[in-house]
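Participant: Spelled out from the first residue to the last, the chains are:
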Amino acid sequence: MTELRRRGGGGGDPDSTENISDKEADGDDKLTFPGEGEGEMEGDSKADTPDVPPSTDNTPQCLNKALEGLSSRWKNWWIRGILSLTMIIGFFLIIYLGPIMLILVVMGVQIKCFHEIITIGYRVYHSYDLPWFRTLSWYFLICVNYFFYGETVADYFGALVQREEPLQFLVRYHRFISFALYLAGFCMFVLSLVKKHYRLQFYMFAWTHVTLLIVVTQSHLVIQNLFEGMIWFIVPISIVICNDIMAYLFGFFFGRTPLIKLSPKKTWEGFIGGFFATVVLSFFFAYLLSQYQYFVCPVEYNSETNRFAVECEPSNLFMIQEYTLPAVVQNAVRWKTVNLYPFQIHSIALSSFASLIGPFGGFFASGFKRAFKIKDFADTIPGHGGIMDRFDCQYLMATFVHVYIASFIRGPNPSKVLQQLLVLQPEQQLSIFNTLRNHLRENGMLPPAVEEAQ
Amino acid sequence: MAELRHRGATDKELQHQNSEDKGSETEGKERDGASDNETKSDSGVPVPADDTPVVLNKALSGLSSRWKNWWVRGILTLAMISFFFIIIYLGPMVLMMIVLCVQIKCFHEIITIGYSVYHSYHLPWFRTLSWYFLLCVNYFFYGETVTDYFFTLVQREEPLRILSKYHRFISFALYLTGFCMFVLSLVKKHYRLQFYMFGWTHVTLLIVVTQSHLIIHNLFEGMIWFIVPISCVICNDIMAYMFGFFFGRTPLIKLSPKKTWEGFIGGFFSTVVFGILLSYLMSGYRFFVCPVEFNNDSNSFTVYCEPSELFQLQNYGLPPVLQSITGWTTVKLYPFQIHSIALSAFASIMGPFGGFFASGFKRAFKIKDFANTIPGHGGIMDRFDCQYLMATFVNVYIASFIRGPNPSKVIQQLLALRPDQQLHIFNSLKAHLTEKGLLPALEEAA
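Going line by line, the protein sequences match chains Y and F. Position 45, counted from 1, in the first sequence is what full-length UniProt numbering calls 45; the numbers after and before it change by one each time, with no gaps. Position 132, counted from 1, in the second sequence is what full-length UniProt numbering calls 132; the numbers after and before it change by one each time, with no gaps.
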């Protein structure tokens, strides 16, 4: 995550200060080790402080050449800046390419994050040579992905599934098949237990499962948000990125009071400035996006053309409505009403969450990195670290958006409900039919029955 | 779990039945110490205190240590089985309470092990946080269950309705609070320990809490789906022990040296037979067979229904092989008995893997038993370690092969849809029902 900087840090190198202060913080931890109770109490710390290999400089040759002339400080700054722009442009490109591309990218990111965290686990426990374990970790990843994608596919591709016979079989017994696959992995784990390495193997087993829990479930929530409409995918991610950047800038220019001991470079000024800037920017960004059907419509799979289609009648959420301003604001602004998309109101909730609670995800990742004495999750992106470093704030956000949609926006998926209905026993169907008919009659959707032909 | 024994074991080994695990552990410890970096300062496995009640001790004071142990285990086994029958008699409500208590106790046992492994008993806040997360996850799961099964009750009471409508949001907010508390409680010196305990807590929650809720889901399908799987696992334990005791010769797996192939196979066949007989016994009673429903008027659970096809005797034609042996052409069976074969086969073949997992876990962390709650048997987790896989399997089995979706849940979802979507579904359903001939074609179209 972008680091906020203390103003009192003076004119020193922004990024080398960052490197130094991280090292200092690590050094603090190291210093306390020998004499501290923790060194005695924590039995497994003595010999397995991971030897973090010095970060290899991953910067491409061409960038290095172009920036040769500048001092180290500005070179670092430029590299981070260029990579940031590159990532943002990449983001726009993928959005333009459409939903399928987005799903594939989400999947790619998920696999890379999983790989990064598991590699850290191996280094921490020196367990790279444990028999079978790499295979097992990837096998569990495939199992859990199969389970989740199977649930999604069954929901959204209902018509396609009904058409193809093998797909129908797979869907009907999906849970059983997933469970059997998982059990096979579980039994392989039990059979692979080697006497000398019991504890290590259990640690890696647990590490794998916690990683799966975090990375895979969240990436599927991201995909489910995507199916609601690309705006539910783009706006949250943009808000988090914006909060990062705004908080960094506010901290750079005005930062003075440290925020939390865990991340010494974050400041209250950056936090609060980032909050307001993010709310305002996302308000306008939501206004921009709400106008286009491409972003606003739920992604549907068109069985005839075998492609994804985003075409619909925009829901109430994305139609301009008039809101009366409260009296206070009326005096200030001299408008009586204002035309807004209801979605913009929701975006305020989303951006508040991203600014207030999102940083906790970043603190969690910082604490994790300090706990296991690593500077970055990996070296994938020059100047920024690994993919996990960029995505650590996004995870809480994805879950929040999903819960938000489920609670406040969307009802259940109609085709799924119909599917469930058709599987019930006939007498259950009949009783539901009658209940539904009464309900619709009460609501005036059906003309009242003149005769009860039961 | 009951330990199977080598037939070749001498009396001395019989005597040291309990300490045999310790012996192989010390052997393991020596070898572990060389290569397993984490063993250096980890020792403190307290010697299990002798928890046997004084009255039992007095009654058995005359016997030698070997038989005394045997008798203590035997008496406690009988006590647990009788207790099981009593709570079944008391009904679904009590069963749910017991499942909840067992879950809390198992969670407590595993977390305590975590504390003693990591010497982290004095970490700031952590005990509170672990229990808080347990509460959150339980609230989430019970909320989902309650909404499904107590639908009418929930619709009636206003505060319950709000809680149910925003259930996911409230649960997520509660969990987030715990997460933020964790982040704020990170102390510089103890980062790693705190992350370990955080991970330990979550894995424990994943195992213990999700499975206990699957058990409760199974229970709501009908008490027979709760009783038969648990009985199959218990029976497999006991039968495998007996077969191993009398015929055991070939060791099964290095992880649990006292298990034998003879015990495994003998246990398999006897459990399948036991499952068939038990399901025949139980399928006749509505109390076991009917789904548990909440009766709004009497505000209590009722088990009263028309038994489904699964629990009605049907004629099956025997294959010719069996016909010639037994001289019967057809046999009357409940279809459920066929399913029970699948259940007991799983219990006998996969159940032990849960036990091996727990044995490996105990060896990895150098503990003899999970706790000392039950004299002679160890902790609650020791008794329930095979049950967890079984509960998940039964739940998946029911979802895949037996039951369709829950009708009240479907109605609930229907009523939450938008009116035009409801109309669309109404028409599709009407067309479907008319096709099937359930609706007379005279119905006036909307």
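Possibly wrong hints are sitting among the right ones.
[To be verified] Simulated DEER-style distance windows between Cβ atoms:
hint, chain 1, residue 1, chain 2, residue 2, range
1, Y, N434, F, I98, 55 to 61 Å
2, F, C101, Y, E313, 29 to 35 Å
3, Y, Q291, F, P159, 36 to 42 Å
4, Y, H126, F, L281, 27 to 33 Å
5, F, Q314, Y, L97, 30 to 36 Å
6, F, F246, Y, E165, 27 to 33 Å
7, F, T330, Y, N434, 36 to 42 Å
8, F, Y280, Y, F308, 49 to 55 Å
[Said to hold, decoys possible] Taking lysine-lysine and the DSS-like style, the derived pairs with C-alpha atoms no more than 27 Å apart in a straight line are:
hint, chain 1, residue 1, chain 2, residue 2
9, Y, K195, F, K254
10, Y, K373, F, K188
11, Y, K195, F, K188
12, Y, K375, F, K189
13, Y, K196, F, K188
14, F, K436, F, K68
15, Y, K195, F, K68
16, F, K189, Y, K373
17, Y, K75, F, K188
18, Y, K196, F, K68
19, F, K189, Y, K261
20, Y, K261, F, K188
21, Y, K375, F, K188
No lab work stands behind these hints, which were simulated from the structure alone. Fair warning: this is a prediction, and the values are worked out from it, not measured in the lab. Just so it is clear, CB atoms sit at the ideal spot from N, CA and C, and this is done for glycine as well.
Participant: It remains to establish, for every hint, whether it holds in the given structure.
Facilitator: How the hints compare with the structure:
1. The supplied range of 55 to 61 Å is broken by Y:N434 and F:I98, whose beta-carbon atoms lie about 38 Å from each other.
2. Taking the beta carbon of each, F:C101 and Y:E313 are about 53 Å apart, not inside 29 to 35 Å as hinted.
3. The given range of 36 to 42 Å is respected by Y:Q291 and F:P159, whose C-beta atoms sit roughly 40 Å from each other.
4. For Y:H126 and F:L281, the hinted distance range of 27 to 33 Å is not satisfied, since their beta carbons lie about 55 Å from each other.
5. Checked against the given bound of 30 to 36 Å, the beta carbons of F:Q314 and Y:L97, roughly 57 Å apart, lie outside it.
6. In this structure the hint that F:F246 and Y:E165 lie 27 to 33 Å apart at CB is violated, the actual value being about 51 Å.
7. About 40 Å separates the C-beta atoms of F:T330 and Y:N434, a value consistent with the hinted range of 36 to 42 Å.
8. Between F:Y280 and Y:F308 the C-beta distance comes to about 53 Å, which sits within the given range of 49 to 55 Å.
9. Simply put, Y:K195 and F:K254 have alpha-carbon atoms about 9 Å apart, close enough for the 27 Å limit, and the pair holds.
10. Among the hinted pairs, Y:K373 with F:K188 is consistent with the structure: their alpha-carbon atoms are about 12 Å apart, no more than 27 Å.
11. For the given pair, Y:K195 sits about 35 Å from F:K188 by alpha-carbon distance, which is inconsistent with the 27 Å threshold.
12. Simply put, Y:K375 and F:K189 have alpha-carbon atoms about 17 Å apart, close enough for the 27 Å limit, and the pair holds.
13. Restraint check for Y:K196 and F:K188: not satisfied, since their Cα atoms lie roughly 32 Å apart, outside the 27 Å limit.
14. Restraint check: the Cα-Cα separation between F:K436 and F:K68 comes to about 67 Å, which exceeds 27 Å; the hinted pair is violated.
15. For the hint linking Y:K195 to F:K68, the alpha-carbon distance of about 32 Å lies beyond 27 Å, and the restraint is violated.
16. Taking the CA atoms of F:K189 and Y:K373, the gap is near 12 Å; set against the 27 Å cutoff, the hint holds.
17. For the hint pairing Y:K75 with F:K188, the CA-to-CA distance comes to about 32 Å; that exceeds 27 Å, so the pair is violated.
18. Our distance criterion of 27 Å between C-alpha atoms is broken by Y:K196 and F:K68, whose separation comes to about 35 Å.
19. Restraint check: the Cα-Cα separation between F:K189 and Y:K261 comes to about 12 Å, which is no more than 27 Å; the hinted pair holds.
20. For the given pair, Y:K261 sits about 8 Å from F:K188 by alpha-carbon distance, which is consistent with the 27 Å threshold.
21. With a C-alpha separation of about 16 Å, the suggested pairing of Y:K375 with F:K188 holds against the 27 Å cut-off.
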